[in-house]
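Q: Now for the letters of each chain:
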Amino acid sequence: MRNQIASALSDFFFEYETPRQVLVRNRRVGVVCRLIQLGVLVYIIGWVFIYEKGYQSTDTAVSSVFTKMKGVGYTNVSGKETVWDVADYVFPSQGDPSFVVMTNYIITEGQEMGKCPELSGKHSCTSNNDCIGGSFKRTGNGQMTGVCVKTTNTCEVLGWCPVEDDRTIPNPPLLMSAENYTLFIKNSVTFPLFGVTRSNLVEGIDANYISKCLYHPTKAPLCPIFRLGDIVELSGFSFEKLAREGGAIGIVVDWTCNLDVHEKHCKPEYNFHGLYGNPGDPDSTSASIGYNFRYAKHYMENNVAKRTLLKVFGIRFDIIVQSLARQFDIIPTLTAIGSGVGIFGVATVVCDLVLLYLLPKREFYKNMKFKYTDTQTQDPDSEAGSTETEKGSGSKQACVRAL
Amino acid sequence: MRNQIASALSDFFFEYETPRQVLVRNRRVGVVCRLIQLGVLVYIIGWVFIYEKGYQSTDTAVSSVFTKMKGVGYTNVSGKETVWDVADYVFPSQGDPSFVVMTNYIITEGQEMGKCPELSGKHSCTSNNDCIGGSFKRTGNGQMTGVCVKTTNTCEVLGWCPVEDDRTIPNPPLLMSAENYTLFIKNSVTFPLFGVTRSNLVEGIDANYISKCLYHPTKAPLCPIFRLGDIVELSGFSFEKLAREGGAIGIVVDWTCNLDVHEKHCKPEYNFHGLYGNPGDPDSTSASIGYNFRYAKHYMENNVAKRTLLKVFGIRFDIIVQSLARQFDIIPTLTAIGSGVGIFGVATVVCDLVLLYLLPKREFYKNMKFKYTDTQTQDPDSEAGSTETEKGSGSKQACVRAL
Amino acid sequence: MRNQIASALSDFFFEYETPRQVLVRNRRVGVVCRLIQLGVLVYIIGWVFIYEKGYQSTDTAVSSVFTKMKGVGYTNVSGKETVWDVADYVFPSQGDPSFVVMTNYIITEGQEMGKCPELSGKHSCTSNNDCIGGSFKRTGNGQMTGVCVKTTNTCEVLGWCPVEDDRTIPNPPLLMSAENYTLFIKNSVTFPLFGVTRSNLVEGIDANYISKCLYHPTKAPLCPIFRLGDIVELSGFSFEKLAREGGAIGIVVDWTCNLDVHEKHCKPEYNFHGLYGNPGDPDSTSASIGYNFRYAKHYMENNVAKRTLLKVFGIRFDIIVQSLARQFDIIPTLTAIGSGVGIFGVATVVCDLVLLYLLPKREFYKNMKFKYTDTQTQDPDSEAGSTETEKGSGSKQACVRAL
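Chains as they are written, first to last, in this note's numbering: chain A, 254 to 656; chain B, 254 to 656; chain C, 254 to 656.
Calculated from the structure, these hints are not laboratory results. Note that the coordinates shown come from a computational prediction; the quantities given were computed from them, not determined experimentally. You may find that some hints are simply not true.
Note that the list lumps identical chains together, so a pair holds whenever it fits in one copy or between two copies.
[Stated by the list, open to error] Here are the simulated lysine-lysine pairs, PhoX-like style, with alpha carbons at most 25 angstroms apart:
1. K559 / K333
2. K321 / K564
3. K403 / K520
4. K517 / K403
5. K375 / K323
6. K403 / K368
7. K564 / K323
8. K559 / K321
Chain A on its own, in the form it takes in the complex (with noise of 0.2 angstroms):
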């Protein structure tokens, strides 16, 4: 028993398997099998291997980014100046991937909790039926007292009084001058599978070089100090435009990475590109246009609770980070290989296709390539050998039969 089992391991160790081929001399089907080979290892070496990069496995990274805006805008309205600092023009202040800078506003001060009519134009009434009183319109501006005034045609409301009236927005944008403030952004990406942690202020971008530069998208493509005009105008806007109602600006930073390389060479990439609509873009008008929210700052005044009601349009900012980080990596490289292998086997089953089925001579192939086991008409009690060879009629037609 034992030795038997040692036989059998042995036959297994010191044979091998390697299947019988037929080598068909066809001028046809030797061009069209190789160009369909040729075409097999050209897609998996050219473009599965060199173009798409397949032996290498990707990661998306977990990246975290502050930003801190720079510059000062000034207002003149009815000869009051102003001067807007960060401070006030940025929300929230501390600094998060996605803020607004205010650019236009209309300003509505020293609001207090009392009863007021809606304004002319909007929630209009004839009676106090239209006014349903202790009720809410969706856009309106507190709760309805019931009455309707006949001074402005409007229902009267509870709510801070007087309410904002928003029905002109100031034209050019009171703050113009955000155009030349300056945003700065810190990102850190980190490759979790590759162990790569990586910062926008790369080899080269030291202190000294950010206190001067400003990104240019060819001159200083990775200065990372951002113009706010120049982000408009390179996501294709007009500053004026966005400035006066509001709108949004995606910073797309993107880390496109092969890290097979020294990763000195991961360096980010700057894009900008409106959200929700493009300049040129018919629709983008069609729904929503514009940004803006409101801000109270509340305070005392005799003992009154009082506010100063912002209606801020601004640019929001979204600093997108996308990454996609490639290396090297076994797994990917032996199943590109594998299937590759099995495309080869697609291949070959073409070939045979045309010649078995096409060809004129298929009949000859046929024989070649196959053996048949006639077992219906063979002696059952024969195990060790072919039917043809029980048959015996003559070497000849039994080798003929055995190709």
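Dock chains B and C against the given chain A, drawing on the hints supplied.
A: Relative to chain A, chains B and C alone:
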């Protein structure tokens, strides 16, 4: 030499190799193998290709979201009527994808820096020894002065006085009217791999439609305006319960797109679910229910810095964008085909095992399939002929062995 | 006709094709090939399946995070005692995953709109010509009036006056007590592909445990309450140094889950690391150290709009959720098997090359493996027989060639 290479090349190009095969005419093996092969084929075509769309590559989106609330709230606390508008009840105000709508609050007005005892019931003490001067308690309101106040039996602290009394949460919630607020979601997604950008204001969702519509799961599934009460209800919670103590709701904008059809079919789906515990789940209240935070409005009164402290209970909404786009790609297609061919190979191996080890006529098939080279017994000079022909004892035997 | 189709179908179903193979009994080739095949097998089973878990598909999570700080800070600046609670030192207040804890500040109280010179040392001038009226300097505090103030040798600006003096950063940091603040993290992750939702309040982390526990890397690795001092220390920084000038710490919540086991084993791991530069790295201070932002509290005093400006130095915490769940999936399993079979095919090709080109008896094996069709010399009328049998010069020769 050149001729030799040319001849080798022409041999290579005009020749074609195809494996020789045995066609076994055996019903059992035939049926078993065809069924196995059919199974593999059904798996590859039916499952990998049709069901799992294995011919497509996938991509997730980078996205940008902003939100806008509308609606007015009203509270009447001990006769004091207050109206709350969007500048007062949304945190933060600038329309972030993650924000809080205040639904209940505990207000502590007129706090100023000073010394006062902690709330009775919390941080109780019996003597000054229980209140170590200059130290802090983790949940305390200030720095202990080292005095135990007799009237309240609590430590005296230096801090904003009077301390907040949050022992009773208003019930019903003060801002139940929040149920009728509406939320407008603007979401833009970009699939960088496919260069496709979509907005949730899809074709047909124009300014006119938005001004009138309200989201409904079946009647208006694409309307980007949501009533808060509906959102909470669709996520399975009771609005009043959530409004009282606060909670967190995830609004999932699901972009599952097949970009092989026109991109106009790439539309968002909105889903709503509670974060941190489900409504029906008994475990959900086991740890840290509710959602609240403290917020202060600072002001000066008679040259004294004061503040109004709000403990805000609210519903936190997280807009979560989930995206998966698919598009035909040659590489996953050929990888799937290639590995499918590989699995076909496995099927062949299985059938061979059946054929060679399980069938009664296995020896016969073994002889059909394999040709043995007994090189040990072979004349070492012979290179061109096979063992059998060298022995040449008879053509019949030669053929038998050769098969 | 119908019979023909039926017969073709029955032929197809009752037949089975299997490749014919040569069993080479050669120790060298056998051992080499078996070793190659064994290597491939070990790679596929050991590496792809067991080590890299290639039988599983993967998914990343959509997640939601909120945070809550607890603790009280105390400052004593020139005898003025102030207590800072969570409403004062956290920005923003509503519990975002990315927030700033103030640890140091420069306060400028009572600013109002007016004209005043810039700080001496910055923006210095020698004559009015250095101060172009109506223009701005990028790092200036307002709009230049065109006057060079003699006393400070700096340009006069219109802006919030007096201007902030941030030339000296308080040392030691004013709010060193921030070290003892605690941070509570609530995190929920959903793996959409597998339909699994998990919270960092896993089984066993109930309200009772939370009320007492404090995170420790080994003793309490699942406690979601963190002491700021511990976080900073675990990320390798000195708290005092970071607190003075500010910095950014990433708190990575790592969900690496094998969902083939019960989902209760899917637990978070917390890691801490500095963003933008590591503590020991000499380059880390090369560009833009520290983290600060400006924040203003506006108020009215005697009908004059004033503000208190805070330059906030703080530690920015980014809660970064990193997730990777794996679960058995039939498609990657079969793809791995399929491409593994393909690689087996490569092994066979390599062995064949050895067999056919390197062995001394290569010609013999070539004859064993290949059958040649010399169609050029063949009688064109013959379709059923092979070349050799047509020539029919002798059965021995026929068999030789046929092999």
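Q: Against this structure, judge whether each hint is valid.
A: How the hints compare with the structure:
Proximity of K559 to K333 under the C-alpha cut-off of 25 angstroms is found in both arrangements, the shortest distances being 21 angstroms within a copy and 15 angstroms between copies. Proximity of K321 to K564 under the C-alpha cut-off of 25 angstroms is found in both arrangements, the shortest distances being 23 angstroms within a copy and 13 angstroms between copies. For a Cα distance limit of 25 angstroms, the shortest separation of K403 from K520 qualifies neither inside one copy, at 66 angstroms, nor across copies, at 47 angstroms. Proximity of K517 and K403 under a CA criterion of 25 angstroms is satisfied in neither setting, with 72 angstroms inside one chain copy and 49 angstroms between copies.
In the homo-oligomer, the alpha carbons of K375 and K323 lie at most 25 angstroms apart only across protomers (16 angstroms), although the nearest pairing inside one protomer, at 39 angstroms, exceeds that limit. Taking CA atoms no more than 25 angstroms apart as the test, K403 paired with K368 passes inside one copy only; the shortest distance there is 14 angstroms, against 46 angstroms between copies. Within a single copy, K564 and K323 get their C-alpha atoms as close as 22 angstroms, and across copies as close as 14 angstroms, so both meet the 25 angstroms cut-off. Proximity of K559 and K321 under a CA criterion of 25 angstroms is satisfied inter-copy only: 24 angstroms between copies versus 31 angstroms inside one chain copy.
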